[in-house]
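**Q** Here's the letter readout for the chains.
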Amino acid sequence: MAVEQNLKIELGKQGVFVTTIEELYNWGRRSSVWPMQFGLACCAIEMIATTMARYDMARFGAEVFRPSPRQADLMIISGTVTKKMAPQVVRLYNQMAEPKYVIAMGACAISGGPFKQGYNVLKGIDRYIPVDVHIPGCPPRPEALLQAFITLQKKIDGQSLTGEDRPRHLDANAACEFPVPVQGDHDLEPPANRLVWPLPARKQGQGAGD
Amino acid sequence: MKTVEEIKTAILAAVPGADVEVIPNPSPSAQPSLLLDPAHAVAVATFLRDDAELALDFLSNVTGVDWLDREVVEKVKVTRQVEKAVDGPEPNQVQMVTETVEETRKHLEPGHLEAVYHLYSIKKKHGPVVLRMRTVNRKDQVELPSFTPVWRSAEFQEREIFDLYGIVFTGHPDLRRLLMWPEFKDHPMRKDYVEPDDFEYEPTAHDKVLERAKAHQSAVGGQNPTEAAR
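Each protein sequence line maps, in turn, to chains A and B. Sequential numbering from 44 applies to the first sequence in this note's numbering. Sequential numbering from 488 applies to the second sequence in this note's numbering.
It is worth saying that the hints were derived from the structure and are not from the lab. Careful, some of the hints might be misleading.
[Stated by the list, open to error] Each pair of labels, with its calculated beta carbon distance range: (1) A:Pro233 to B:Lys695: 35 to 45 Å; (2) A:Thr194 to B:Leu697: 52 to 62 Å; (3) A:Glu232 to B:Glu558: 32 to 42 Å; (4) B:Trp554 to A:Ser75: 52 to 62 Å; (5) A:Glu232 to B:Ala702: 15 to 25 Å; (6) B:Gln518 to A:Ile91: 34 to 44 Å; (7) A:Glu232 to B:Glu630: 29 to 39 Å; (8) A:Ala218 to B:Val603: 45 to 55 Å; (9) A:Leu67 to B:Lys695: 52 to 62 Å; (10) A:Pro241 to B:Lys695: 24 to 34 Å; (11) A:Lys197 to B:Trp554: 55 to 65 Å; (12) A:Pro241 to B:Ile609: 30 to 40 Å.
[What the hints assert, rightly or not] No more than 25 Å apart at the CA atoms, straight line, and that leaves these computed lysine to any residue pairs for SDA-like: (13) B:Lys678 to A:Asp230; (14) B:Lys495 to B:Ser640; (15) A:Lys127 to A:Pro112; (16) A:Lys159 to B:Glu682; (17) B:Lys701 to A:Leu242; (18) A:Lys159 to A:Pro233; (19) A:Lys127 to B:Asp684; (20) B:Lys672 to A:Thr125; (21) B:Lys678 to A:Phe158; (22) A:Lys198 to A:Ala217; (23) B:Lys626 to A:Tyr162; (24) A:Lys159 to B:Trp668; (25) A:Lys127 to B:Lys495; (26) B:Lys678 to A:Gly161.
We put the CB at the ideal spot given by N, CA and C, even for glycine.
Construct the entire structure; sequences and hints are all you get.
**A** Here you go:
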């Protein structure tokens with residue numbers, strides 16, 4: 044149950060702090076999203092710049108890049124995902140503990156980018172894992188990554204802990220592990236996870252998990 | 488530096504039995520190359536590296552070329568005997584006449600795979616010398632001798648050619664795929680490579696991509712996926 048904003052301010056003036064479990068919980072979640080320390084291509088350079096003093100991602104509670112997927116909350120797909128690398132990216136995502144989020148950074152990560160028609164590049168990582176925020180750009184500027192991060196924080200803030208749209212880690216039936224594609228004779232098998240990436244024609248009224 | 492013809496003469500003097508052909512290059516770059524026979528190629532390469540005057544100690548670049556089977560049409564002048572009606576006092580008088588006729592002939596030139604090596608000399612500051620080697624065909628006889636024992640820098644580039652073109656370099660110390668995964672069966676840079684058909688969602692399709700995307704669009708009930716997603 045949400046507290047009325049004006050009432051909250053009035054109570055605050057009297058020295059009474061009112062909140063809900065949901066608000067407190069989401070505030071905690073969004074204020075310490077630790078990204079995983081891994082970069083795939085040139086977008087990683089912009090990601091590194093974002094963490095440095097000029098842009099200072101620490102302002103948003105995301106300064107601690109963890110080298111282990113077990114300690115990370117956010118996976119920033121920073122760059123081209125080749126078909127040779129894709130199984131490892133999905134495996135790393137599976138190894139992250141819930142709650143976990145994904146930002147697909149740059150043209151390559153969201154669609155394959157300039158390499159889309161190539162034989163060796165995945166046409167977007169959202170074919171295998173659910174992506175929360177897509178950033179276009181080649182590469183996106185640090186401001187764009189910060190914008191994506193703020194968008195993710197707003198998304199976390201807006202989640203309710205019960206009901207249909209509750210986060211995945213509070214839903215016992217939701218999938219938190221995604222099948223790792225196998226490197227086959229001619230292509231990755233399967234070429235896409237249809238549960239995560241349904242064909243756009245069938246996407247209507249279904250929601251693609253994002 | 489010696490010209491290509493002079494290098495060819497030097498090779499033939501140093502490596503008996505070697506078969507070297509000069510391939511001219513009429514383009515503005517004007518870099519003629521030397522086509523080596525695979526049987527003597529390593530001996531020739533060792534000579535080029537160790538020769539005091541050439542001293543080609545640096546292999547800068549190795550690349551592959553895929554030449555498909557091609558039909559060659561050429562016009563040949565043929566001389567033959569033709570019967571011809573000749574004007575004369577008697578009607579229908581026939582005389583044998585020798586005539587030169589232009590005839591078009593077609594023949595199939597078999598395809599092959601080619602490896603191209605660019606050599607420079609750091610010591611003498613000259614180059615490039617371009618070497619070529621050709622396989623017998625594109626299917627089963629695709630072996631070429633490896634130059635890795637002569638120039639170490641060939642190692643990864645020959646692995647890449649093996650990966651993308653399918654040329655098998657005999658004598659290579661570690662011939663594995665370099666870019667694609669080991670289970671991969673195709674050779675993507677070959678001209679007859681069929682890429683995987685994953686054109687089911689193309690938001691900004693055009694030209695060839697649009698053609699391939701259309702097959703999928705009709706499969707989902709004639710709907711344009713982009714329209715349906717809105």
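**Q** Please go over all the hints and tell whether each is borne out by the structure.
**A** Now for the hints, and whether the structure bears them out:
1. Checked against the given bound of 35 to 45 Å, the beta carbons of Pro233 of chain A and Lys695 of chain B, roughly 24 Å apart, lie outside it.
2. As the Cβ distance of Thr194 of chain A to Leu697 of chain B is approximately 32 Å, the hint placing it in 52 to 62 Å is violated.
3. For the pair Glu232 of chain A and Glu558 of chain B, the beta carbons lie near 38 Å from each other, so the given range of 32 to 42 Å is met.
4. Roughly 60 Å separates the CB atoms of Trp554 of chain B and Ser75 of chain A, a value that falls within the hinted 52 to 62 Å.
5. At roughly 21 Å, the beta-carbon separation of Glu232 of chain A and Ala702 of chain B lies within the given 15 to 25 Å, and the hint holds.
6. Checked against the hint of 34 to 44 Å, the pair Gln518 of chain B and Ile91 of chain A passes, with Cβ atoms roughly 42 Å apart.
7. For Glu232 of chain A and Glu630 of chain B, the hinted distance range of 29 to 39 Å is satisfied, since their beta carbons lie about 31 Å from each other.
8. Between Ala218 of chain A and Val603 of chain B the beta carbons are some 50 Å apart, a value that agrees with the proposed interval 45 to 55 Å.
9. The hinted range of 52 to 62 Å is satisfied by Leu67 of chain A and Lys695 of chain B, whose Cβ atoms lie roughly 55 Å apart.
10. Checked against the given bound of 24 to 34 Å, the beta carbons of Pro241 of chain A and Lys695 of chain B, roughly 26 Å apart, stay inside it.
11. Against the hinted window of 55 to 65 Å, the Cβ-Cβ separation of Lys197 of chain A and Trp554 of chain B comes to about 57 Å, which satisfies the hint.
12. Judged by the Cβ atoms, the range 30 to 40 Å given for Pro241 of chain A and Ile609 of chain B is violated: they are separated by roughly 57 Å.
13. Straight-line distance between C-alpha atoms of Lys678 of chain B and Asp230 of chain A comes to about 18 Å, which keeps the hinted pair within the 25 Å bound.
14. For the hint linking Lys495 of chain B to Ser640 of chain B, the alpha-carbon distance of about 24 Å falls within 25 Å, and the restraint holds.
15. In summary, the hint linking Lys127 of chain A to Pro112 of chain A is supported, as the alpha carbons are separated by about 20 Å, within the 25 Å threshold.
16. Among the hinted pairs, Lys159 of chain A with Glu682 of chain B is consistent with the structure: their alpha-carbon atoms are about 12 Å apart, no more than 25 Å.
17. Taking the CA atoms of Lys701 of chain B and Leu242 of chain A, the gap is near 14 Å; set against the 25 Å cutoff, the hint holds.
18. With a C-alpha separation of about 18 Å, the suggested pair Lys159 of chain A and Pro233 of chain A falls inside the 25 Å cut-off, and the hint holds.
19. For the hint linking Lys127 of chain A to Asp684 of chain B, the alpha-carbon distance of about 18 Å falls within 25 Å, and the restraint holds.
20. Distance check on the hinted pair: Lys672 of chain B and Thr125 of chain A sit about 17 Å apart at the alpha-carbon level, within 25 Å; holds.
21. Note on Lys678 of chain B and Phe158 of chain A: the hinted pairing holds, with a Cα-Cα distance of about 18 Å set against a maximum of 25 Å.
22. For the given pair, Lys198 of chain A sits about 18 Å from Ala217 of chain A by alpha-carbon distance, which is consistent with the 25 Å threshold.
23. At roughly 21 Å between alpha-carbon atoms, Lys626 of chain B and Tyr162 of chain A fall within 25 Å of each other, so this suggested pair holds.
24. As the CA atoms of Lys159 of chain A and Trp668 of chain B are separated by approximately 19 Å, the hinted pair is consistent with the 25 Å bound.
25. Proximity of Lys127 of chain A to Lys495 of chain B is assessed by CA-CA distance (about 43 Å); at most 25 Å being required, the pair is judged violated.
26. With a C-alpha separation of about 14 Å, the suggested pair Lys678 of chain B and Gly161 of chain A falls inside the 25 Å cut-off, and the hint holds.
In this structure, the hints that do not hold are numbers 1, 2, 12, 25, in rising order.
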